[in-house]
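Colleague: Each chain is listed here by its residues.
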Amino acid sequence: MPTYPPQHKIIPAEGYVTVKLNGELMPDTADLFHNDLQGLLDLNVPVIIQCVSLSGMAHQWIRPLVTLVREASRYNLQVRFVQVSFKVEQYFKSQGVDSMFKTCPTLREALAGMGLASKKVIDTDFINPFLAATIKVLEVQTNTKAAPGKIYVKGAGDKFTGDISAVIGLVSETFTGTVVVSFPAPTFLEIMARLLSEKHTTITKELEDGAGELINIIFGQAKIILNEKGYGIQTALPSVISGKDHTVTSASAAVGITVVVPFESDAGKFFVEICTSG
Amino acid sequence: MTAPENEKLIPLALLEAVLETFRTQAQTTAKLAGPLDADAPRASCLSVISLNGPSHSGTLLVAFPAQTFLGLLKRMTGEIHAEVTPENSDASGEFLNIIYASARTRINQAGFKFAPAIPTTIFGGDIALSRWLSDHAVRWNFQTDCGPFLMALSLKKIPLVA
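Line by line, the protein sequences are chains U and F. According to the numbering used here, the residues represented by the first sequence are 1 to 278, in order. According to the numbering used here, the residues represented by the second sequence are 279 to 440, in order.
FYI, nobody ran anything at the bench for these hints, they're computed from the structure. Positions of the beta carbon are idealized from the N, C-alpha and C atoms, including for glycine. Where hints are given, some of them may not hold.
Claimed, not checked - Chain F stretches covered by chain U per the calculated footprint, using a threshold of three residues with CB under 8 Å from any CB of chain U: (1) 332-339; (2) 356-367; (3) 386-395.
To be verified - The calculated BS3-like cross-link candidates involving lysine-lysine, where the alpha carbons are at most 25 Å apart (straight line), are: (4) 435/F / 223/U; (5) 352/F / 87/U; (6) 435/F / 391/F; (7) 391/F / 223/U; (8) 434/F / 205/U.
Chain U extracted, bound-state conformation:
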């Protein structure tokens, strides 16, 4: 059994083989990788280049990677670079190999593209407790009746803006993610007026705390239900951000799935965004 230097590791899997690249790839290890290429291609299965732990590479590594992609193509084998960081992606671009190195944000997506796995679908068991908690908390705490609109998966071009957002992280044994509740100013001010029984015309620092409190309660309610179902979620502390027409994005959009739930309420529109990976 050959041993490999820690900068790359070849891991055969069911129906494909993974090449895991680690850290900053040094010039002197490129030849070692090049020597392993033929053995890799002899496996005659699609290749996943797992880049989640890859922080950068010397230019000497470009050649064997190009050789791998070209040779694989001759054998009719697909190669996908998975979980490539922004920096490495920029490096590929600077080396002119970005169109040759096909990247995928997630392993699942790469395998789905190769016909080796089904595409990820929304887990309604996970989403629904957040929707139920949002409706219940707004009704109980602020006497606001809210109804969710059509749930959909956020695409790269979709942009939602809010004036005040509360963000809280999710961590469980199997995935990580984020829940964001984002309000336009008029909706938020109306909800706060109902909560505090006093009118405000602008979002003050005191009112920002209200957004954090609301998401804390919503998250707490949803967590109880989810943990009863065995999700094993841990809590984090909420962050509250305000600013006219800000946009929320999540890195999980690159590694997992982001679901947006637009809400209509008698206080106005708002939206909940749930991002998960894993």
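Mind docking chain F on chain U? Use the hints.
Modeller: Using the frame of chain U, we list chain F on its own:
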């Protein structure tokens, strides 16, 4: 289960990771600047990541004014951007990801067992951070030759169940 004692290591590891990250990724030296103004700082791009372990949970946030962010981005990628966009704002999360990943190794060596997490990035013209930062978090103001930026850490102990 007992919680690790040396929780002061967490901010120290994060501080070291910040300095190292900006040195290697953006070829700039981040220096701790003086105390922050009482007013909430304004940013154009910020990223938040959750810290979760069996004994502690919290949030780590990094916030950049537009000019600082675009300067750091130029150093990181060599590309010149005139404004913060959905595409280039990813780099803010990337910075935070690298900082957290680097600090997490050291933090977990001390037994904290922090889980991997993913950052959320928020961008807009003029973002204010809530009072939450003053009340519940340690804030650090950094100065670089691209401009200032801010990092904040909130951390709470999770009560242990017997």
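Colleague: Holds or violated: the segment 332-339 of chain F covered by chain U, criterion of 3 or more residues with Cβ-Cβ distance under 8 Å?
Modeller: That given contact holds, which follows from 4 residues of the segment 332-339 of chain F lying within Cβ reach (below 8 Å) of chain U.
Colleague: Go check the segment 386-395 of chain F versus chain U for me, would you? Three or more residues, Cβ under 8 Å, otherwise it fails.
Modeller: holds (count 3)
Colleague: Given the hinted pair residue 352/F and residue 87/U, is their alpha-carbon gap at most 25 Å?
Modeller: holds (12 Å)
Colleague: Under the criterion that the straight-line Cα-Cα distance not exceed 25 Å, is the pair residue 391/F, residue 223/U satisfied?
Modeller: Holds, because 21 Å separates the two Cα atoms, which is no more than 25 Å.
Colleague: Verify the coverage statement for the segment 356-367 of chain F against chain U, using a C-beta to C-beta distance below 8 Å and requiring 3 or more qualifying residues.
Modeller: holds (count 4)
Colleague: Would the hint linking residue 434/F and residue 205/U be met if the CA-CA limit is 25 Å?
Modeller: This hinted pair holds, its Cα atoms lying about 22 Å apart.
Colleague: Going straight from one Cα to the other, do residue 435/F and residue 391/F come out at no more than 25 Å?
Modeller: holds (13 Å)
Colleague: Quick one, are residue 435/F and residue 223/U close enough, alpha carbons at most 25 Å?
Modeller: The hint holds at about 19 Å.
Checked against the numbered hints above, the structure violates none of them.
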